[in-house]
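Engineer: Quick mapping for you: the protein sequence lines, in order, are chains R and C. Converting from the first sequence to the working numbering requires adding 1 to each position, the first position being numbered 1. Converting from the second sequence to the working numbering requires adding 1388 to each position, the first position being numbered 1.
Quick caveat, the hints were computed from the structure, so don't treat them as lab data. Since the model is a prediction, treat every value here as computed from it, not as a measurement. Worth double-checking, as some hints may not be accurate.
[To be verified] Listed below are the simulated DSS-like cross-link pairs for lysine-lysine, each with C-alpha atoms no more than 27 Å apart in a straight line:
(1) Lys1397/C - Lys69/R
(2) Lys113/R - Lys70/R
(3) Lys106/R - Lys1397/C
(4) Lys70/R - Lys1397/C
[Stated by the list, open to error] With the C-beta cut set under 7 Å, the calculated list includes, among others, these residues of chain C facing chain R:
(5) Gly1430
(6) Phe1433
(7) Gln1436
(8) Gly1440
(9) Glu1442
(10) Arg1443
(11) Ala1444
(12) Ile1448
(13) Phe1452
(14) Phe1457
(15) Thr1490
(16) Pro1497
No residue lacks a Cβ here, since even glycine has one placed at the ideal position from N, Cα and C.
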Amino acid sequence: AQSVTQLDSHVSVSEGTPVLLRCNYSSSYSPSLFWYVQHPNKGLQLLLKYTSAATLVKGINGFEAEFKKSETSFHLTKPSAHMSDAAEYFCVVTGGSQGNLIFGKGTKLSVKP
Amino acid sequence: DSGVTQTPKHLITATGQRVTLRCSPRSGDLSVYWYQQSLDQGLQFLIQYYNGEERAKGNILERFSAQQFPDLHSELNLSSLELGDSALYFCASSVGSRAGGTYEQYFGPGTRLTVT
């Protein structure tokens, strides 16, 4: 069965410093992986996706993630945090042949001025 | 704006009642997915429809049902509501295909259901 584990429930960084949100996955086949962001009282927005092409995936707003099969990881990074990045981030894997998504429990990112 | 619309935005109802949540997918998308987000269970997949047909089921209770209409909008029906059904319900859409596969899903703003 497919699953994802987000290793931190809460990450706090200062504005201008790097962001690292960690995610490990488990999949019985070659997975498709996504990161979504949810701002307070908003819906979910797709940040980036990995679908077995390049292992380093670039997304919107300066975020990127690297797929590492040997480590079963798909960590999300950004070189320099902005205040507007404060939100909850979800690591997601596809759960079945029809593409339904399995979400991690989320990492809340706080950005201090 | 993802292009997926959901109504209503908020819904407050009493235990034992029945409600209907509505979703309109992005133009051109044939697949609709329903998800439930609650504090204790997180985000969970409920059910998927493709071009009017049910395609996949997740952790959907028997008291819940859904359908997708010929114009591709979808409705999620929740009946015999309990306090524990209070949650944010999201609809997502994707291009999808008859054979399945992985396509980006675009989420609506959600319907917040409060059961009192």
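Engineer: State for each hint whether it applies.
Structural biologist: Hint check results:
no. : hint                 : result
1   : Lys1397/C - Lys69/R  : violated, 39 Å
2   : Lys113/R - Lys70/R   : violated, 33 Å
3   : Lys106/R - Lys1397/C : holds, 24 Å
4   : Lys70/R - Lys1397/C  : violated, 40 Å
5   : Gly1430              : holds, 5 Å
6   : Phe1433              : holds, 5 Å
7   : Gln1436              : holds, 6 Å
8   : Gly1440              : violated, 14 Å
9   : Glu1442              : violated, 10 Å
10  : Arg1443              : holds, 5 Å
11  : Ala1444              : holds, 4 Å
12  : Ile1448              : violated, 11 Å
13  : Phe1452              : violated, 15 Å
14  : Phe1457              : violated, 19 Å
15  : Thr1490              : holds, 4 Å
16  : Pro1497              : holds, 4 Å
Violation of the numbered hints given earlier is confined to hints 1, 2, 4, 8, 9, 12, 13 and 14; the remaining hints are satisfied by the structure.
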